[in-house]
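Given the structure of chain G, go ahead and fit chain C onto it with the hints provided.
Top line first, the protein sequences correspond to chains G and C. Just so we're aligned, residue 95 is where the first sequence starts under this note's numbering, counting upward by one. Just so we're aligned, residue 755 is where the second sequence starts under this note's numbering, counting upward by one.
Keep in mind that the hints were calculated from the coordinates and are not lab data. Among the clues, some could well be false.
The calculated PhoX-like cross-link candidates involving lysine-lysine, where the alpha carbons are at most 20 Å apart (straight line), are [what the hints assert, rightly or not]:
#, chain 1, residue 1, chain 2, residue 2
1, G, K427, G, K264
2, G, K427, C, K962
3, G, K513, G, K414
4, C, K866, C, K978
5, G, K414, G, K264
6, C, K925, C, K870
7, C, K925, G, K501
8, C, K1058, C, K1043
9, G, K427, C, K1043
Short derived list, chain G residues pointing at chain C, Cβ under 10 Å [what the hints assert, rightly or not]:
#, residue
10, H275
11, R281
12, H402
13, H434
14, T445
15, I446
16, E468
17, N497
Beta carbons: idealized from backbone N, C-alpha and C, even for Gly.
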Amino acid sequence: MLSKHLYTWVDPLGLAIFRIAFGICMFIGQVRFLAMGWVADLYLTPNLHFPYQGFEWVQVLPEPLMYGLLILSALSALAIGLGLFYRFSTIIFLLSFTYLELIDKVWYLNHYYFVSLIAFLLIFVPANTVYSLDAYRKKESKYWIPAWTVRLIQLQIGIVYFFAGLAKLKTSWLLSAEPMHIWLSARTDFPLVGAYFDERWVAYIFSWAGMIFDLSIFFFLLLRRTRPYAYLAVLFFHLTTAMLFPIGMFPWLMMASTLIFFDAQDWQKLFQRGRYIFPQSPPPAIGLFKQTILIGFIVFQLCWPLRHFFHSGDVLWNEKGFRFAWHVMVMEKNGMTYFHIKDRESTKTWTIHPREYLIPAQESQMSFKPDLIEFFALHLRSRWLEKGYPNIEIEVENRVCVNRECKDLLWLLPSDADKIIPL
Amino acid sequence: MNLKPIILCLILSLGLSFIGCNNEPSVDKPPFDREEMLRSLGENIILPAHQNFLIEATRLDSISQLFVQETSFELYDALQTQWKRSKSAWKYCEIYDILSVREQYLQNKVDKWPVKVRFIDENLESAEILDATFVENSGSTSKGLPALEYLLFDSLGIEVFKSVALAERRKEYLIALSENLLTQAETILSVWQTELPTFATNTENFSKGSLNELVNAQVAILEKMIANKINKPLGKSDGGIPQPNKCETYRSQTSYDWLVVNLNSFEQSITGSIQGASLLDLLDHSEAKSGEEALSTVISSQLKVCQDLMKANVNQPLSEQILTNPEPLEGISDALVNLLGLIKVDMANHLGIIITFNITDGD
Chain G
95 MLSKHLYTWV DPLGLAIFRI AFGICMFIGQ VRFLAMGWVA DLYLTPNLHF
145 PYQGFEWVQV LPEPLMYGLL ILSALSALAI GLGLFYRFST IIFLLSFTYL
195 ELIDKVWYLN HYYFVSLIAF LLIFVPANTV YSLDAYRKKE SKYWIPAWTV
245 RLIQLQIGIV YFFAGLAKLK TSWLLSAEPM HIWLSARTDF PLVGAYFDER
295 WVAYIFSWAG MIFDLSIFFF LLLRRTRPYA YLAVLFFHLT TAMLFPIGMF
345 PWLMMASTLI FFDAQDWQKL FQRGRYIFPQ SPPPAIGLFK QTILIGFIVF
395 QLCWPLRHFF HSGDVLWNEK GFRFAWHVMV MEKNGMTYFH IKDRESTKTW
445 TIHPREYLIP AQESQMSFKP DLIEFFALHL RSRWLEKGYP NIEIEVENRV
495 CVNRECKDLL WLLPSDADKI IPL
Chain C
755 MNLKPIILCL ILSLGLSFIG CNNEPSVDKP PFDREEMLRS LGENIILPAH
805 QNFLIEATRL DSISQLFVQE TSFELYDALQ TQWKRSKSAW KYCEIYDILS
855 VREQYLQNKV DKWPVKVRFI DENLESAEIL DATFVENSGS TSKGLPALEY
905 LLFDSLGIEV FKSVALAERR KEYLIALSEN LLTQAETILS VWQTELPTFA
955 TNTENFSKGS LNELVNAQVA ILEKMIANKI NKPLGKSDGG IPQPNKCETY
1005 RSQTSYDWLV VNLNSFEQSI TGSIQGASLL DLLDHSEAKS GEEALSTVIS
1055 SQLKVCQDLM KANVNQPLSE QILTNPEPLE GISDALVNLL GLIKVDMANH
1105 LGIIITFNIT DGD
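Pulled out of the complex, with its shape left as it was, chain G reads as follows (with noise of 0.2 Å):
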């Protein structure tokens, strides 16, 4: 059954719109991105980054690599969305793509990990038979190609979404209906219904609604009889969300990017296109290096993201297994830390307001997540082993507030640890 459902031949048409869409999506992304000034902001200015754990080698290159590094991904997104040297430049834009994602954690964005899996899945499918430049450069069109690489697609994009719909399934978003009603209470100023936007009933309303819709939309997508009405709904979300919080290119990337559910049929009627007549015989089977790929990075992705729910202790507050696990706007979270640096050996003390060594959004985001904590108390040691203190330990302030329920936190990095510990 699912066999038939993969092994059969499709027009290329959805997915060829998916790709012009995501490629002038990323393209309008990347150049947007130069144009605010990130690169400088980002990458540039501050002294310090947050590496990802195993991916230390990923650093900040020299400025002008910098920006040419933004304008190769920039203008490979491009060339995806012309369909013009499709899997070299779909390989190009994730390479640098994700380069950039992995120099800082402190910018971590699930819509940036979304992107990285995409281009990556692209590379495997051929996006570029038809409305490519590939096509037309080798005046050649391939009007079938295999389901099986619209559906991997379409999985990718319905386990973002169930995923984030799992997500929401705490006892905050559900009984209390935070961080919703935070967000639309500071709304009050939108236009016709925002004088409602104080209501907690309204919050519930939006909050059960969007879990409602996370999880559920994958399926609606995928029949055909609910399908319209199901991008409607896509549509309709995604344009509340862009309106009502600062989320940048995520609503607008979904929608681009749900239109792959839309087959041929869709499309052929609305393009006013006539069928192509299929071959008889299936099509090949994928290859065992490509199956063994993509079967593992299915898995990957169905199992990845339930992490959260082996570690002991509530996820939006140790934050273990968030990230890249599709918790996207689930909490309202700010913090603050001081650090105290006490020599061992000496009475000598030290206050360190993390400002002095961060830019403002860095600091932002570290206090109030632990591995950047300890990661910021691990440089702060290795800076005063430099100075001639080899044996200080470090106690860190936090005061954290998550969904309206504050705390304050006392963390240790004993002199021997390289881990912070609970006080």
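Just chain C, lined up with the frame of chain G:
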């Protein structure tokens, strides 16, 4: 063509429009009027503070002109007193480093410290014409109130304008600095007069919204008070070794006064000028709690703790007290950190404020 989705969409839009167009929305409580809060703050607190600074800067310039003509002890005293009055007036403006004032770094031209003594001395010794144009083109660390303090509170007193070398050059520089300060006061006031309507109506909660700007400014002034004005002089960046020369205005021995004024201006910014239209009222409206108590009450109490500590504990210049009796200052610093936490973390969380201007986007 299947029209059902379009019809559904139209019905939904009409429904929302109908709800929105209803003149008397049936809500349990009317929404908080953020525009009124921002407008009253702007008109009754921010603008008068800047107008007052302009008045004081004008007087400072006038007395400087007189002093240069007649270098007497009376005018020297008057000038020092007027410098303090100007500085005090400025401290009520300092917190409002937002909008174009921040984007154009205008506050730096008034009060960037510590002053670069070497630059000023080099200017005095140079052959440059020391006039307002020269000062305008100079860097922020050799002009404004700190540069004036350097000239006016020299350990040699009035003699630096009378008998010692470069006395005449000092007078020229004094005039140039006073004139430039007056120009800066006019510029900043003019910016506020122009931008006040936008400030009041920009009620959106995105990073450039006025409420975000205001709360970030409150956070910034508290952080500056803790880190730069207390902790650095206490030596908390120097292994606990006190640093009297890092006090804001150690030459005039007035550093402590500005801490008090900074806190008063913070209080004004959070309590507002109209009953029911302040940030604390907004917190009450959003039912913000800290434990069992209203967050607004907790903030007010902590503010009072800070003010009481400031009133009670210090009776000598900051630069001396950090050497002889630092404990009360440690207490003030701790109390301010607690107040900062309530603003930067608790209040920001309850109101959905973006602390620091988010230079990327999304989630």
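Outcome of the hint check:
no.: 1; hint: G:K427 <-> G:K264; result: holds, 15 Å
no.: 2; hint: G:K427 <-> C:K962; result: holds, 19 Å
no.: 3; hint: G:K513 <-> G:K414; result: holds, 14 Å
no.: 4; hint: C:K866 <-> C:K978; result: holds, 12 Å
no.: 5; hint: G:K414 <-> G:K264; result: holds, 16 Å
no.: 6; hint: C:K925 <-> C:K870; result: holds, 19 Å
no.: 7; hint: C:K925 <-> G:K501; result: violated, 56 Å
no.: 8; hint: C:K1058 <-> C:K1043; result: holds, 18 Å
no.: 9; hint: G:K427 <-> C:K1043; result: holds, 16 Å
no.: 10; hint: H275; result: holds, 9 Å
no.: 11; hint: R281; result: holds, 6 Å
no.: 12; hint: H402; result: violated, 16 Å
no.: 13; hint: H434; result: holds, 9 Å
no.: 14; hint: T445; result: holds, 4 Å
no.: 15; hint: I446; result: holds, 8 Å
no.: 16; hint: E468; result: violated, 19 Å
no.: 17; hint: N497; result: holds, 8 Å
Violation of the numbered hints given earlier is confined to hints 7, 12, 16; the remaining hints are satisfied by the structure.
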